[in-house]
Amino acid sequence: MNLEERINQWAQLLHMHDHLEDGIIAELEDHLRDEIENLVDQGYSKSEAFEIAVEQLGSMTAVDEEEKRALSAHYDWLFLPGLLSNFMKIGGRQFKKNRLTSGINLIGLTTAFCAILFIGLFIHDELSFEQHHPDADKIYRLSYSFAEESGKVQDRAFFSGMWVDMLTPRIPAIEENFRFLTLSYGYIYNPQSDQSFYEEGIYWSDPNFLEFLNFPLKYGQAEAQLQNLNSIILTETTAQKIFEEENPIGKNLKYRRTSHEVNFVVTGVI
Amino acid sequence: MYIALLSMTTFSKSLVAASSKPLILGILQGGPLYGYKISQRIKKISNGKMEWADGMMYPVLHRLEKENMITSKWEQSKEGRHRKYYSITEFGKQALYQEKAHWMSMHEIMLNLWSINPSTTN
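Sequences listed follow chains E and V, in order. Here the first sequence is numbered in the numbering used here, starting from 1498 and rising by one per residue. Here the second sequence is numbered in the numbering used here, starting from 1432 and rising by one per residue.
Because the hints were derived from the structure by calculation, they are not lab data. Keep in mind that this is a model prediction, so the values were computed, not measured. The beta carbon of each residue, even a glycine, is placed where N, CA and C say it ideally should be. Keep in mind that a hint or two might mislead.
[Stated by the list, open to error] One-sided excerpt, in silico: chain E residues whose CB lies under 10 Å from chain V: (1) His-1512; (2) Asp-1515; (3) His-1516; (4) His-1528; (5) Asp-1538; (6) Met-1557; (7) Val-1560; (8) Glu-1563; (9) Pro-1704.
[What the hints assert, rightly or not] EDC-like mimics (lysine to aspartate or glutamate), calculated; alpha carbons at most 20 Å apart, straight line: (10) Lys-1715(E) with Glu-1742(E); (11) Lys-1452(V) with Glu-1506(V); (12) Lys-1474(V) with Asp-1515(E); (13) Lys-1504(V) with Glu-1521(V); (14) Lys-1504(V) with Glu-1552(E); (15) Lys-1452(V) with Glu-1562(E); (16) Lys-1444(V) with Asp-1561(E); (17) Lys-1509(V) with Glu-1501(E); (18) Lys-1444(V) with Asp-1538(E); (19) Lys-1524(V) with Glu-1510(V); (20) Lys-1515(V) with Glu-1742(E); (21) Lys-1515(V) with Glu-1733(E); (22) Lys-1497(V) with Asp-1561(E); (23) Lys-1504(V) with Glu-1708(E); (24) Lys-1531(V) with Glu-1510(V); (25) Lys-1509(V) with Glu-1498(V); (26) Lys-1468(V) with Glu-1502(E); (27) Lys-1480(V) with Glu-1552(E); (28) Lys-1515(V) with Asp-1561(E); (29) Lys-1594(E) with Glu-1518(E); (30) Lys-1586(E) with Asp-1515(E); (31) Lys-1751(E) with Glu-1733(E); (32) Lys-1515(V) with Asp-1538(E); (33) Lys-1474(V) with Glu-1518(E); (34) Lys-1715(E) with Asp-1691(E); (35) Lys-1565(E) with Glu-1530(V); (36) Lys-1593(E) with Asp-1531(E); (37) Lys-1468(V) with Asp-1531(E); (38) Lys-1468(V) with Glu-1733(E); (39) Lys-1504(V) with Glu-1518(E).
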């Protein structure tokens, strides 16, 4: 191994020390080279000169210790924001120094942060549903699960409406009940403008819909809602789509799906 | 015999540590220098009595820089090597003045002590 290789190897080993940054290592290496040149001039061989110069520099563990003490001496917290870029630089160097460990740490940390983020988002999403209803904590939805012959259990989010008449007199905790049933999709026809609109999310509902659930009325009288079998309440966006800027209260609509046709009168907009 | 003993004397670690600050500041007062030259100067003026591991000087330089007594600047040598030159600051000069005063009064105290009672010289 020639002198240059030995010096490089020696400098590489200095990186093993925690507090020896590139700066001090460059200084120490420069010092070593100067000393070697000096010794060679005095008549030593390159190899001898290297040994002596390294010896004279002393224990690098001690230098590392001393450098740690020198660098950690009295931090002035006021200067910390100004030092941030320096900290980032040192962090980067430490990362390069221990690539594998730092890499594993980084991957672990990233995974953990992502997991926390997803769990947090999921919980936030789950807890955010239907919270605007005044008695949200008292409203329950009846559902059922059943076992197939094969033993496979299936869950259903709906329930027979007749159960309400069965359960209400038997369970005193039930203060009020309310049923609704999805009609899923269909066409809403506006005879005035002779236009049809494909709609999803159409529901049959008991008249006490607005007492149960908090949807402030934009148009219409609260008492008049759903009193007749053919009353219909529209959401604001649907009302705007069908009637544009007109007040839709009292207007006629037709629900059409295959051969079915039902007449409705708009009594409210939510 | 006495002279031989004296020239062989090396200072204790704590004394070297205590004197490193005025030594380095004093040397830098003569102008900017890089690490190797500073250590050469120290060896020369102490006639080799200051025996310290050369590497240990760098943390001391960094500490002094952190305490704003010296500043540093990287420069390139003729051979293309990067060298960090240190120079003394105004604050460093004041600190050196203080150090001088302390060391001189300590020197005076010791002289007084030993001239009054010669038996303490051994």
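Comparing the hints with the structure gives:
Hint on His-1512(E) is violated. Least Cβ distance to chain V is approximately 15 Å, over the 10 Å limit. Taking 10 Å as the C-beta cut-off, the interface hint given for Asp-1515(E) is violated, the closest approach to chain V being about 13 Å. A distance limit of 10 Å between C-beta atoms decides the matter here; for His-1516(E) the minimum to chain V is near 9 Å, and the interface restraint holds. Annotation: interface hint on His-1528(E) holds; nearest CB of chain V at approximately 5 Å, less than 10 Å.
Taking 10 Å as the C-beta cut-off, the interface hint given for Asp-1538(E) is violated, the closest approach to chain V being about 13 Å. With its C-beta approaching chain V no nearer than about 6 Å, Met-1557(E) sits inside the 10 Å limit, and its interface hint holds. For Val-1560(E), the shortest C-beta to C-beta distance to chain V is roughly 4 Å, which falls under 10 Å, so the interface hint holds. Interface hint status for Glu-1563(E): upheld, as the beta-carbon distance to the closest one in chain V is roughly 4 Å, under 10 Å.
Among the interface hints, the one on Pro-1704(E) is violated; its C-beta lies about 80 Å from the nearest C-beta in chain V, farther than the 10 Å criterion. A C-alpha spacing of about 13 Å is found between Lys-1715(E) and Glu-1742(E), which places the hinted pair at or below 20 Å, so the restraint holds. Taken as a hint, the Lys-1452(V) and Glu-1506(V) pair is broken in the structure, with Cα atoms around 24 Å apart against an allowance of 20 Å. With a CA separation close to 30 Å, the supplied pair Lys-1474(V) and Asp-1515(E) exceeds the 20 Å bound.
Distance restraint check for Lys-1504(V) and Glu-1521(V): the Cα-Cα separation of roughly 16 Å lies within the 20 Å cut-off, and the hinted pair is therefore satisfied. Under the criterion of a C-alpha separation no larger than 20 Å, the hint pairing Lys-1504(V) with Glu-1552(E) is inconsistent with the structure, at around 27 Å. Between Lys-1452(V) and Glu-1562(E), the direct Cα distance comes to roughly 18 Å. Compliance with the 20 Å bound is thereby established for this hinted pair. With a C-alpha separation of about 17 Å, the suggested pair Lys-1444(V) and Asp-1561(E) falls inside the 20 Å cut-off, and the hint holds.
Distance hint between Lys-1509(V) and Glu-1501(E) is fulfilled; the C-alpha atoms sit about 18 Å from each other, no more than 20 Å. Taken as a hint, the Lys-1444(V) and Asp-1538(E) pair is broken in the structure, with Cα atoms around 31 Å apart against an allowance of 20 Å. As the CA atoms of Lys-1524(V) and Glu-1510(V) are separated by approximately 32 Å, the hinted pair breaks the 20 Å bound. Restraint check: the Cα-Cα separation between Lys-1515(V) and Glu-1742(E) comes to about 78 Å, which exceeds 20 Å; the hinted pair is violated.
A C-alpha spacing of about 74 Å is found between Lys-1515(V) and Glu-1733(E), which places the hinted pair above 20 Å, so the restraint is violated. For the given pair, Lys-1497(V) sits about 17 Å from Asp-1561(E) by alpha-carbon distance, which is consistent with the 20 Å threshold. Under the criterion of a C-alpha separation no larger than 20 Å, the hint pairing Lys-1504(V) with Glu-1708(E) is inconsistent with the structure, at around 78 Å. Restraint check for Lys-1531(V) and Glu-1510(V): the C-alpha separation of about 38 Å exceeds 20 Å, so the hint is violated.
Only pairs whose Cα atoms come within 20 Å are accepted, and Lys-1509(V) paired with Glu-1498(V) is rejected, the gap being roughly 31 Å. Proximity of Lys-1468(V) to Glu-1502(E) is assessed by CA-CA distance (about 25 Å); at most 20 Å being required, the pair is judged violated. Our distance criterion of 20 Å between C-alpha atoms is met by Lys-1480(V) and Glu-1552(E), whose separation comes to about 17 Å. With a C-alpha separation of about 19 Å, the suggested pair Lys-1515(V) and Asp-1561(E) falls inside the 20 Å cut-off, and the hint holds.
Using a Cα cut-off of 20 Å, the hinted pair Lys-1594(E) and Glu-1518(E) holds, with the two alpha carbons roughly 10 Å apart. Between Lys-1586(E) and Asp-1515(E) the alpha-carbon distance is near 15 Å, which keeps this suggested pair within the 20 Å criterion. Between Lys-1751(E) and Glu-1733(E) the CA atoms are separated by roughly 18 Å; this keeps the pair inside 20 Å, and the hint holds. With a CA separation close to 24 Å, the supplied pair Lys-1515(V) and Asp-1538(E) exceeds the 20 Å bound.
Under the criterion of a C-alpha separation no larger than 20 Å, the hint pairing Lys-1474(V) with Glu-1518(E) is inconsistent with the structure, at around 27 Å. This hinted pair does not check out: Lys-1715(E) and Asp-1691(E) have alpha carbons roughly 25 Å apart, beyond 20 Å. Among the hinted pairs, Lys-1565(E) with Glu-1530(V) is inconsistent with the structure: their alpha-carbon atoms are about 25 Å apart, more than 20 Å. Taking the CA atoms of Lys-1593(E) and Asp-1531(E), the gap is near 29 Å; set against the 20 Å cutoff, the hint is violated.
Restraint check: the Cα-Cα separation between Lys-1468(V) and Asp-1531(E) comes to about 9 Å, which is no more than 20 Å; the hinted pair holds. Taking the CA atoms of Lys-1468(V) and Glu-1733(E), the gap is about 84 Å. The hint is violated against a cut of 20 Å. Our distance criterion of 20 Å between C-alpha atoms is met by Lys-1504(V) and Glu-1518(E), whose separation comes to about 16 Å.
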